[in-house]
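Based on the provided sequences and hints, a complete structural model is requested.
Residue numbers (full-length UniProt numbering), protein chains in the order written: chain B, 1 to 311; chain X, 1 to 350; chain U, 1 to 308.
Wrong hints could be hidden among the right ones.
What the hints assert, rightly or not - Calculated cross-link-like contacts (lysine-lysine; reagent style PhoX-like; alpha-carbon spacing at most 20 Å): (1) U/K268 / X/K204; (2) X/K113 / X/K127; (3) X/K123 / X/K176; (4) X/K343 / U/K268; (5) X/K270 / U/K268; (6) X/K344 / U/K268; (7) U/K268 / X/K200; (8) X/K343 / B/K38; (9) X/K200 / B/K48.
What the hints assert, rightly or not - Chain X side only, calculated, beta carbon under 10 Å to chain B, not exhaustive: (10) P4; (11) T17; (12) A19; (13) P285; (14) A291; (15) R293; (16) N294; (17) A297; (18) A299; (19) E303; (20) W320; (21) L321; (22) H323; (23) I329; (24) D330.
It should be emphasised that the hints constitute simulated quantities derived from the structure, not laboratory data. Everything numeric in this text was worked out from a predicted model, so none of it was measured. Yeah, the Cβ is synthetic: ideal placement off N, Cα and C, and Gly gets one too.
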Amino acid sequence: MEKRHDTYGELTPEMFRVVGPRLAESDQMPKKTVSFWKEVWYRFRQNKLAVSGVFILAIIALLAIFVPEFSQYSYRDQLGVYNEAPSKEHWFGTDDLGRDVFVRVWYGARISLFIGITAAIIDLIIGVLWGSISGLFGGRVDDIMMRIVDILSAIPYLLVVIILLVVMEQGLLPMIIALSITGWVNMARIVRGEVLSIKNREFVLAARTLGASNWHLIVRHIIPNALGAILVTMTLTIPTAIFTEAFLSFLGLGVNQPIASWGTMASEGMGGLRVAPWRLFFPAFFISLTIFAFNAVGDGLRDALDPKLRK
Amino acid sequence: MKKPLLEVKNLKINFKTYAGLVQAVRGVDFTLYEGETLAIVGESGSGKSVTSNAIMKLIPEPPGIYADGQILFEGKDLIPLSDKEMSKIRGNDIAMIFQDPMTALNPTIRVGKQIMEVILRHKSVPKHEAKERAIELLRQVGIPMPEKRFNQYPHEFSGGMRQRVVIAIALAADPKLLIADEPTTALDVTIQAQILELLKEIQKKRNTSIIFITHDLGVVANMADRVAVMYAGQIVEYGTVDDIFYNPKHPYTWGLLGSMPDLNNKSDEKLYAIPGSPPNLLHPPKGDAFAPRNQYALAIDFELEPPMFKVSETHYAKTWLLHENAPKIDIPEPIVRRMERYKKEAGLNE
Amino acid sequence: MNKNHKILEVKNLTQYFGPPSNPIKAVDGISFHIYEGETLGLVGESGCGKSTTGRSIIGLYNITDGEVIFKGQNVHQIKSKKEKKRLKREMQMIFQDPYASLNPRMTAGEIIGEGFDIHGLYKNKQERQEKIISLLEAVGLNREHMMRYPHEFSGGQRQRIGIARALSLDPSFIIADEPISALDVSIQAQVVNLLKELQEERNLTYLFIAHDLSMVKYISDRIAVMYRGKIVELGEAEEIYHHPIHPYTKSLLSAVPLPDPILERRRKRIPYVHEETPDTAAMHEPVPGHFVYGTEEQVRKWVQQAQR
Chain B
1 MEKRHDTYGE LTPEMFRVVG PRLAESDQMP KKTVSFWKEV WYRFRQNKLA
51 VSGVFILAII ALLAIFVPEF SQYSYRDQLG VYNEAPSKEH WFGTDDLGRD
101 VFVRVWYGAR ISLFIGITAA IIDLIIGVLW GSISGLFGGR VDDIMMRIVD
151 ILSAIPYLLV VIILLVVMEQ GLLPMIIALS ITGWVNMARI VRGEVLSIKN
201 REFVLAARTL GASNWHLIVR HIIPNALGAI LVTMTLTIPT AIFTEAFLSF
251 LGLGVNQPIA SWGTMASEGM GGLRVAPWRL FFPAFFISLT IFAFNAVGDG
301 LRDALDPKLR K
Chain X
1 MKKPLLEVKN LKINFKTYAG LVQAVRGVDF TLYEGETLAI VGESGSGKSV
51 TSNAIMKLIP EPPGIYADGQ ILFEGKDLIP LSDKEMSKIR GNDIAMIFQD
101 PMTALNPTIR VGKQIMEVIL RHKSVPKHEA KERAIELLRQ VGIPMPEKRF
151 NQYPHEFSGG MRQRVVIAIA LAADPKLLIA DEPTTALDVT IQAQILELLK
201 EIQKKRNTSI IFITHDLGVV ANMADRVAVM YAGQIVEYGT VDDIFYNPKH
251 PYTWGLLGSM PDLNNKSDEK LYAIPGSPPN LLHPPKGDAF APRNQYALAI
301 DFELEPPMFK VSETHYAKTW LLHENAPKID IPEPIVRRME RYKKEAGLNE
Chain U
1 MNKNHKILEV KNLTQYFGPP SNPIKAVDGI SFHIYEGETL GLVGESGCGK
51 STTGRSIIGL YNITDGEVIF KGQNVHQIKS KKEKKRLKRE MQMIFQDPYA
101 SLNPRMTAGE IIGEGFDIHG LYKNKQERQE KIISLLEAVG LNREHMMRYP
151 HEFSGGQRQR IGIARALSLD PSFIIADEPI SALDVSIQAQ VVNLLKELQE
201 ERNLTYLFIA HDLSMVKYIS DRIAVMYRGK IVELGEAEEI YHHPIHPYTK
251 SLLSAVPLPD PILERRRKRI PYVHEETPDT AAMHEPVPGH FVYGTEEQVR
301 KWVQQAQR
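This is the structure we're talking about:
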């Protein structure tokens, strides 16, 4: 247990005068300020799968933006070469009307991503407001609001969508309405759960003793602390919306020709599966890839946000 | 001479975090003998819980790293053991009691069954005998009507009773070493007193060794045979309970003793508080880690880390004040006054 | 302390939770008052209703029955928004858990300045910043800490931020709900010293809620002991400590561990056996200024036991 003193070299009496504490030193903090989101970003970066998900999504988004703009063909040009296999001219081949599948895939990406993201944003707005009001006010308000949510989620979802798409004309807008009419209930439930756990935390009580209004509590305390869960839910809502859109389009309830979404393309591709399998393969492949990438990002975010890993 | 049960040698544990490497335990040595209680005292972040978790090999790797040292349990080093080998020791030879009894119990399983599971895992006895033993354990830890309580769920117990159940589970396989990590911090004082009495009684009956982690010096005075005072990941003073309370040598120990008010403190005198904050173990300070908060800091404290100085056969302290060249500094007034008052009180009660 | 002026009067405060048919009686009709500039310690074990009492007084709960009169005004009858806001500024709270009581997404400066946003004070950016810095300095922190997030601070520093927040609106009365029980011993002393200093400088009145009797004794002028939703004993701090009358208080005192091995070895714990108090029970004053709750007969018996 005892160490030898002479390893310390010469110890002069001068070194043994009392100099007292250096309190400033003791209260000093490391230079670097570590905010919560910086740490989340650090942990997210460690997750290779999630980072590659981000890359994949970025590439898909860039291609969706630029390919239809700069390609020599347009998504509706009929080029007179039907069901041609992928070649130098037409990287993904052509379809039965002689349209370039490569351009149509990226044009379809625009539509699919647009539908997915818009639906997710609408879910976000309605869900967050609904959930936080319901959770914060509690009591009767909560009962009524959550029963509405229960009823909405009890109605067979597909039935609502099909009725809606039949009543309204097929197109982009009805598709988005169809996706969001019941889509937000999931977000509302999650936000309400978060709010219920946050609203009794001491910092919320402290704000209330300072005289904070409910609106102040929602904006300053509840949403910033629920943001993690909201973000994760949203990244997982987008692929669900994309998938649902594809699924509905596949059933023939999607956007109208000649507009393409991945779903309608896959649906059309089914017909020519024997002669031109690439017409099904490419849109199907990109649906899967996008959904996979969003899920990877969502899972990565959830892990990065998990407070249990936080030290 | 008693037999050593556990020897911890130069234990160093780091944690890898976003901000960098945190040196949570920076070279800890101690020996625990059979049937004795060692109290590890220190503030949060001093490394006392990390040390005890390390003995149980409960440090998650990563982010934790066993950087150096040995943990010899009955002469065998635990650090290189695999998880499978460790699980034979955990619960069987070494058991642990945590601060929050609710998290240590499975809420969906009847308490009796939870105790039986431990017995059946570690001892080869038939089921009915395990049940008898479990009921006996419940009785030993002072739970009334153990036959009835055996079939109840954890939520049907009060906080103090739950901690008793946790102790019963810990004792189920008759461990040689019991690690209690702040087992009474979450409990009320009257319940705390009961649990401490229970632990002492168990120790007497079974000759169990106990490592008791706490920040409450009152509890230390009650429980401990020997005391290790930890600061910034190191043991700064180590001795018998009388050494630490009646002849403290390290200024940090003085601060701890002084900052506890007792029932006789006049409210117009200020408490003797240790100023400042404990160091960030991301960048442990040079020299003596306590120096920036030490009112008796020497020039050398900011330059060189002090070695462990020997005060007596049983008593060691890590401070340059014990060097022959150091000025003589006495234990601060208020602590001496209190010690004398206590001595008088104790004398009067004789 | 001004013994002529009661800053707070609590009359028959009752707080029930759960269904009215079978309520949980968290606080069961308690009455006390606090003088201006005084510290009243409220002690008891977990679940005795001491924290609920604090939260009911400050208006975090809708009380079941009783009156809370602060500076002559019945707190729960104030209707106008303006008056309510004024009251919020006068009465503040310090919370137990310095980890949970600070919003992890806000910097120390934002946390301390939150009250200014709510009450529309110090709209000038410069002025606001200066005020925040002066509050930080008042609790022993400095301007460098303003931009830091709660998790970067130690427990003691966090509790200082909580205290600065409570002081931000210049209150006259502070409810400290177990402000030190989550802190380390050496930091507890720092925070208690700070609270005492602030009390002198700003003429604050405290309701100090705790389960740690030695700290309460040290900081309080008078002490109220709570047990199962009732105040069972109330009196001067020294009196309660040296001459407790109620058997529950005695048991509580006997359980406090002392930092002295010799005394600890001979300590005798006095167990408390719950005694039912019938409806005839009331507050009695067997010694001037020293109140005990029970029936006349019980109190007489306890006083005799205490004298022995």
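Each hint tested on the structure:
no.	hint	verdict
1	U/K268 / X/K204	holds (18 Å)
2	X/K113 / X/K127	holds (11 Å)
3	X/K123 / X/K176	holds (15 Å)
4	X/K343 / U/K268	holds (17 Å)
5	X/K270 / U/K268	violated (30 Å)
6	X/K344 / U/K268	holds (18 Å)
7	U/K268 / X/K200	holds (15 Å)
8	X/K343 / B/K38	violated (55 Å)
9	X/K200 / B/K48	violated (52 Å)
10	P4	violated (13 Å)
11	T17	holds (5 Å)
12	A19	holds (6 Å)
13	P285	holds (7 Å)
14	A291	holds (7 Å)
15	R293	holds (5 Å)
16	N294	holds (5 Å)
17	A297	holds (6 Å)
18	A299	holds (5 Å)
19	E303	holds (7 Å)
20	W320	holds (7 Å)
21	L321	holds (9 Å)
22	H323	holds (7 Å)
23	I329	holds (8 Å)
24	D330	violated (13 Å)
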